[in-house]
Amino acid sequence: FICYYCKQKVKINGGIHRKDSNYPQIFHFAHFKDSNECPIKTSSKFTKEEIECIKYNGAKESLLHIQTKELIGYLLSLNEKQNKGVSEIIIDKVYKAEPISKIWRKPDVRCNYKGKTVVFEIQLSTTFLSVIAEREYFYSNHGTYIIWVFKHFHVQSDLQRFAQKDILYGNNCNVYVLDEIAINLSKEKKDLILHCYYLKYEHDGLEMTFNWQDDFISLNELVFTQETYKACYHNTIDEKKEIEKIIQN
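One point on numbering: in my numbering, the residue at position 93 of the sequence shown is 74, and numbering is uninterrupted.
Just so you know, these hints were derived from the structure itself, not from any lab.
Mixed in with the good hints, there may be bad ones.
[Said to hold, decoys possible] Listed next, the in silico DSS-like pairs over lysine-lysine satisfying Cα-Cα at most 27 Å (straight line):
1. K87 <-> K74
2. K97 <-> K22
3. K22 <-> K(-8)
4. K211 <-> K65
5. K222 <-> K211
6. K95 <-> K(-12)
7. K132 <-> K146
8. K97 <-> K65
9. K226 <-> K211
10. K221 <-> K211
11. K65 <-> K22
12. K74 <-> K221
13. K171 <-> K65
14. K170 <-> K146
15. K95 <-> K22
16. K(-10) <-> K22
17. K62 <-> K211
18. K65 <-> K87
19. K171 <-> K146
20. K62 <-> K146
21. K77 <-> K97
22. K171 <-> K132
23. K132 <-> K168
24. K22 <-> K77
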């Protein structure tokens, strides 16, 4: 057996069952005494922030996750070969704001795009809002743009994962998906093409309505906003504000 987080060997432990006890004997996994540090070891000296970071990176490494980040790296390299703005592509490496800093993250893919540092974080499963917010805070605080990438997205609200809702509302209601159509278009155009879903607001008289729209886009079609360090295709927030003004007047 190996630990889910640190990949070290673990053993099965369990106290001696007393015949006069009303409680059943309970077995559990435990690290060996001389094993290296691990966030879930009782003797761990990691901070809460470091533990969450290690757990997040350990939990997300499914085969699909690995394949997707390698694919994004490959598609970005096609952009680089055509001199479309991408350079310095790095896959799955620790990123520190300063060389000797203890604060670090491990983005799935990182690159330079027209002088901007951009990271791509693949989101395949449910993630706590605190993890999403903390990652976005870290990158924005260090002058780095973050683009969350999904493999699937449903426009029907009750089919959306909580993590998807948290990310879309924090990213100007823009969602980026690398589905099969986007992959085929990327290979055809020799560039990273993402399937972008976004909320579009309209008005009919005094009534404001909204619906989901979608387009296939390249990095060149994104607007990178330095104030928030977010990249969006459609400015949903400003569009909504403008329609609200029209209705009020």
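Hints broken by the structure, by number, lowest first?
2, 6, 11, 12, 14, 15, 19 and 20
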